[in-house]
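Undergrad: This is what each chain is made of:
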Amino acid sequence: MSTHYVSEAPFDPHSVERLTPEQERLYLASQWQLMWLKLKQHRLAVGSSAVLAVIYLLALFCEFLSPYNLHTRHTDYIYAPPQRVHVFHDGEFVGPFVYGYRYQLNMENLKREYTSDTENIQKLRFFCRGDEYKFWGLAETNVHFVCPASDGYLFLFGTDRLGRDMYSRILHGAKISLTIGLVGIVLSFILGIVIGGIAGYYGGVVDNIIQRLIEILRSFPELPLWMALSATLPVTWSPILVFFGITLILALLDWTGLARAVRSKLLSLREEDYCTAAQLMGAKPRRIIGRHLLPGFMSHLIASASLSIPGMILGETALSFLGLGLRPPITSWGVLLNEAQNINVVALYPWLMLPVVPVIIVILAFNFLGDGLRDAADPYK
Amino acid sequence: MIGYILKRLLFMIPTLFVISVLVFVIIQLPPGDYLETYIAELQSQGESVDPDRIQFLRAEYGLDKPIHEQYLVWASGMLVGDYGYSFEYGLPVNEVIGDRLFLTIIISVVTIIFTWAIAFPIGIYSATHQYSWGDYGLSFIGFIGLATPNFLLALVMLYLANVYFGTSIGGLMDPEYIDQPWGIEKLVSVLEHLWIPVVVIGTSGTAGMIRRLRANLLDELQKQYVVTARAKGMKEKKLVRKYPLRMSMNFFIADIGSLLPSVISGAEITAIVLSLPTTGPMMLNALQSQDMYLAGSFLMFLAMLTVIGVMLSDILLAMLDPRIRLQGSATK
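Protein chains in written order, with the numbering used here: chain A, 981 to 1361; chain B, 2 to 333.
Derived from the structure by calculation, the hints contain no laboratory data.
This structure is a prediction, so every number in the text was calculated from the model and none was measured.
Certain hints may be false.
[Stated by the list, open to error] Quick list of simulated restraints, FRET-style, between CB atoms:
no.	chain 1	residue 1	chain 2	residue 2	range
1	B	L10	A	S1248	30 to 36 Å
2	B	G138	A	V1325	34 to 40 Å
3	A	L1193	B	E70	24 to 30 Å
4	B	L30	A	M1261	28 to 34 Å
5	A	V1186	B	G135	21 to 27 Å
6	A	E1251	B	E237	49 to 55 Å
7	B	E96	A	F1041	51 to 57 Å
8	A	L1193	B	L11	49 to 55 Å
9	B	L313	A	L1193	58 to 64 Å
10	B	R326	A	V1325	52 to 58 Å
11	A	R1192	B	P122	33 to 39 Å
12	B	L317	A	G1262	33 to 39 Å
13	A	G1184	B	M320	46 to 52 Å
[Unchecked claim] Only part of the chain A face toward chain B is listed, based on derived beta-carbon distances under 8 Å:
no.	residue
14	V1174
15	I1178
16	S1199
17	P1201
18	A1208
19	L1294
20	F1301
21	E1319
22	N1322
23	V1325
24	L1334
25	P1338
26	I1343
Glycine residues also receive a C-beta, built at the ideal position from the N, C-alpha and C atoms.
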């Protein structure tokens, strides 16, 4: 018979299931930290947010990054095609440069034809002085990241019917196209939370009316309604007022989804004990909703809000494309695409369609990011 | 079942009422009425304006009455098929619209059938082959389809057709059939042109539906009854066809409610780009010239189209699923 064995080591309650430092951090992490961890695993979402960050930075510094101003016209270079940036000329290193253009009018189809003049080498300049602009509306300056040679031109994406550089215009247009989605989502977020909150918290008749209203609004084909509403904006309004008008119109039809989410969450959460406790202590509905109920599902709201940003950007693009949205001098990608409405012009000068590319990239990136956020919003799953 | 249909029809009345009020408000929103614009235009061209005629027009269209009476005139006219007067064309709205509305309906219906025909098999494939290369590839294409706004797609296709085939793919029929009475040949010509707008409009809807069908079917596939059936040795194909697929059919029909508004929106703007003889270009025109009665009628038609479409899908759903029929509400 063997002797009874007793371990000499002191008792350790975690000996079977020892937590690694990583596990311990995971168990101690707050909800937001968990969401962050989960979001980081969604590679597509991380990549998309990087892309979006770059694009927003580009928009923020658009005056500096673009070689020309929004309205600078080159009357000798109307509908000039995009120039290619070369580094070598005749096998010799020159540094980044473009060839100048020789212009001639094709008398057959009246197409403006430009040919590269390989004798005319125009070296690009960097951190150089060009068109004057007001940086963020604060300081007058004329420093640009890249400019053409002092007597040359630089049209990376070609020019439009007034000889304005498309590359500069697309960069400037990003500013408006990208902000309209954000401003719009803030408006629709507020509308959605307030209306959905009222419906969900009070229930009953109020809830019923709001529900019907949401159903009706959702059954409306969005775009025709947007078109009709934006056509009612007075022509006398200044472009900046029109900008806010369009944003408001976009938000007015967008809040329904958020309101529904808020309502259904509130309906289930208001039965919880902590809500009753707050009521017994005499908290007002506003405080209960704002302080106790909303934070519980804020992450879901943010995720679904981020998914409706692309819709807003598209809405603005579509409206401006049709000529019912923003008006020059305010320039967005949709306003730029408005020039590409006539297929006969586009067939001759296809670079007018280039603003399509950033629109699609931004929409895709927001979709991927929203997907990742939605998955991360529920980290306990 | 009849009770359900009746209930559903009754429910449409308040919906259409609210929509009509909304549309009427939009018609009234621009400052001044069309006559004022008209007078200003005449004056700027140096033409004299006969005040009697203006007065006559004002009385004829009830523009001198208070707002709520104007609404009553307009709404009751709608009910008996009098959609008001297009000031720009100088014709009653019915005559201006012609078969544009009919063509819009054709395009929308064909687009929805197209969407179903494409989305159904792909959705099933993606769900049953989750995380395979096929699934990833289709999802990626779907994402691009979802992100490409259909008017841009229309523009790009128009450009490609122009450059590579030298033809214009705009329009909905060969030029010789325009304004001709309907016949077999005209129908064939329409069908030949139809596929381009259908593909353009249907792409984003199809992509969205594939993703929703996939998610829905994946949910079903993880349920216990599927595991049970599998454990009992049921063949995979039969299993999917017999149970989860039927469950997600429900959702498939119900999804038309979210599909239809986007299809009609897409049809409008695509029609403008491709210059199809549907309601889109004319509505844009009416909006730009502030011919609000015409624009309002279009808006009302489109909304009605959606409401009726959603109602049909609800009835279909009730026929398919007894739970909805008996409880009287759709569960999504």
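Undergrad: Hint by hint, note whether the structure agrees.
TA: Evaluated hints:
Checking the proposed 30 to 36 Å range against B:L10 and A:S1248 shows it holds: the Cβ atoms sit about 32 Å from each other. At about 36 Å, the beta-carbon gap between B:G138 and A:V1325 stays in the expected band of 34 to 40 Å. A hinted range of 24 to 30 Å for the beta carbons of A:L1193 and B:E70 is consistent with their spacing of about 25 Å. For B:L30 and A:M1261, the hinted distance range of 28 to 34 Å is not satisfied, since their beta carbons lie about 47 Å from each other.
The hinted range of 21 to 27 Å is not satisfied by A:V1186 and B:G135, whose Cβ atoms lie roughly 49 Å apart. At roughly 42 Å, the beta-carbon separation of A:E1251 and B:E237 lies outside the given 49 to 55 Å, and the hint is violated. Checked against the hint of 51 to 57 Å, the C-beta distance between B:E96 and A:F1041 comes to roughly 56 Å, which is consistent with it. Checked against the given bound of 49 to 55 Å, the beta carbons of A:L1193 and B:L11, roughly 18 Å apart, lie outside it.
Look at B:L313 against A:L1193: about 22 Å separates their beta carbons, and that is not inside 58 to 64 Å. The hinted range of 52 to 58 Å is satisfied by B:R326 and A:V1325, whose Cβ atoms lie roughly 56 Å apart. Distance hint check: the CB atoms of A:R1192 and B:P122 are about 37 Å apart, consistent with the given range 33 to 39 Å. At about 51 Å, the CB distance of B:L317 to A:G1262 disagrees with the hint of 33 to 39 Å.
Checked against the given bound of 46 to 52 Å, the beta carbons of A:G1184 and B:M320, roughly 32 Å apart, lie outside it. Because the beta carbon of A:V1174 sits about 20 Å from the nearest beta carbon in chain B, more than 8 Å, this interface hint is broken. The restraint placing A:I1178 at the interface with chain B is violated, with a minimum CB-CB distance near 19 Å, outside the 8 Å limit. For A:S1199, the interface hint holds, since its Cβ comes within 8 Å of a Cβ in chain B; the closest pair sits about 5 Å apart.
Given the 8 Å rule on beta carbons, the hint for A:P1201 holds: about 4 Å separates it from the nearest Cβ of chain B. The beta carbon of A:A1208 comes within 5 Å of a beta carbon in chain B, closer than 8 Å, and the hint placing it at the interface holds. For A:L1294, the interface hint holds, since its Cβ comes within 8 Å of a Cβ in chain B; the closest pair sits about 5 Å apart. Taking 8 Å as the C-beta contact cut-off toward chain B, the hint placing A:F1301 at the interface holds, the least distance being around 6 Å.
Checking A:E1319 against chain B by beta carbon gives a least distance of about 12 Å; that is not within 8 Å, so the hint is violated. Using the Cβ-Cβ criterion of 8 Å, the hint placing A:N1322 at the interface with chain B is not satisfied: the shortest such distance is roughly 10 Å. Proximity of A:V1325 to chain B is violated relative to the hint, the smallest CB-CB distance being about 11 Å (cut-off 8 Å). Hint on A:L1334 is violated. Least Cβ distance to chain B is approximately 12 Å, over the 8 Å limit.
A hinted interface residue such as A:P1338 counts as satisfied when its beta carbon comes closer than 8 Å to some beta carbon of chain B; here the least separation is about 11 Å, so the hint is violated. Because the beta carbon of A:I1343 sits about 4 Å from the nearest beta carbon in chain B, less than 8 Å, this interface hint is met.
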